Amino acid sequence: MNCTEFLAKLTDYFDGQIDPNLLAEVKQHLCSCHHCEVVVDTTRKTIDIYRGHEPYDLPEDVSTRLRSAIMARCKSCEPGKPEAVSASKARKKS
Amino acid sequence: MAAPTSIADDLLAEPQPAEAASPDAPHPDLALVARAKAGDSAAFEQLIKQYDRQIFRTALHITQNREDAEDITQDVFFKAFQKLDQFQGNSKFSTWLVRIAVNESLMRLRKRKTQRTVSMDQDVETEEGAIPRDFAEWRPNPEQNYSQAELAEILRKTIAGLPPGFRTVFTLRDIENLSTEETAEALGLSVPAVKSRLLRARLQLRERLSRYFRKGSEGIAEAMRQNK
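Residue numbers (our numbering), protein chains in the order written: chain A, 1 to 94; chain B, 95 to 322.
By construction, these hints were calculated from the structure, which means they are not laboratory data. Among the hints, a few may not be true.
[Claimed, not checked] Coverage of chain A stretches by chain B, computed from C-beta distances (three or more under 8 Å per stretch; other residues unrestricted): (1) 3-13; (2) 26-40; (3) 65-74.
Treat the numbers as computed from the prediction; the structure is a model and nothing was measured. All C-beta atoms, glycine included, are put in the ideal place defined by N, C-alpha and C.
Kindly produce the complete structure, drawing on both the sequences and the hints.
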């Protein structure tokens with residue numbers, strides 16, 4: 001297995017969905033190729049850092065405000081009944 | 095996939111499930127949806143509480159605009175409420191919501207960027223990031239060299255630089271923890287297409303973060319502080 005073939009299997013390798021026969025080849029390549037070993041290590045860290053440090057949070061007060069606005073709009077109709085005022089349009093009207 | 099022009103009924107109709115829920119263990123959301131369909135507003139409010147953050151983050155990652163993300167969050171839940179009768183429980187309720195959120199977000203992007211079409215097909219042909227170029231090792235726990243605010247800024251800036259199609263796949267798959275099949279279902283893409291975009295998104299983010307996290311990059315943190 002060369003580096004290009006290894007890269008083609010990288011997503012399956014990370015997701016634990018790689019064919020068991022190919023897994024041995026992948027591991028063998030990783031043992032012999034420092035560049036690919038670095039790519040695997042730093043890509044895994046990239047995923048972990050994004051998972052552990054979500055940069056976009058929804059503050060509780062905004063969540064409460066949005067929920068109130070949604071529920072107010074829902075009261076204007078029943079499930080399955082259309083009412084085509086988008087949030088942006090509603091905001092402009094208010 | 096062509097750029098959406100509106101949330102048509104066929105987008106709200108459930109696709110065939112990639113992984114059908116086990117009949118022995120119905121998802122708890124199904125009971126809440128059934129109660130909401132019957133007019134129980136508390137049940138629908140509970141669904142909002144459960145998924146508003148996921149929908150908001152998804153919209154914000156795609157649009158990169160907080161006000162748009164708030165509007166989209168409202169619109170997604172309201173549209174879901176209006177179309178509850180079309181949700182039959184063949185897929186997860188959260189995946190159905192994400193599907194609506196992605197389409198609403200792409201429509202919003204398209205309105206903002208009137209000069210060009212925005213769709214999940216955008217930038218598919220680019221070779222950027224398909225081949226790793228940076229082979230520097232990173233420090234152990236590299237994020238600890240930065241404050242929470244600095245790290246958040248780095249992560250925001252880095253993911254904002256990805257093409258929308260790659261950014262969306264990474265967000266759903268790696269941040270929101272949707273399965274590959276659920277991501278494909280939410281975006282209307284094939285599983286191989288999701289895998290291809292995910293690989294490129296991961297590799298591009300890795301290359302861009304390497305500037306901050308590689309061994310010997312400690313000076314960047316100090317430079318960030320001095321520039322404030």
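(message) Could you work out which of the previously given hints the structure breaks and list their numbers from low to high?
(response) No hint contradicted; all consistent.
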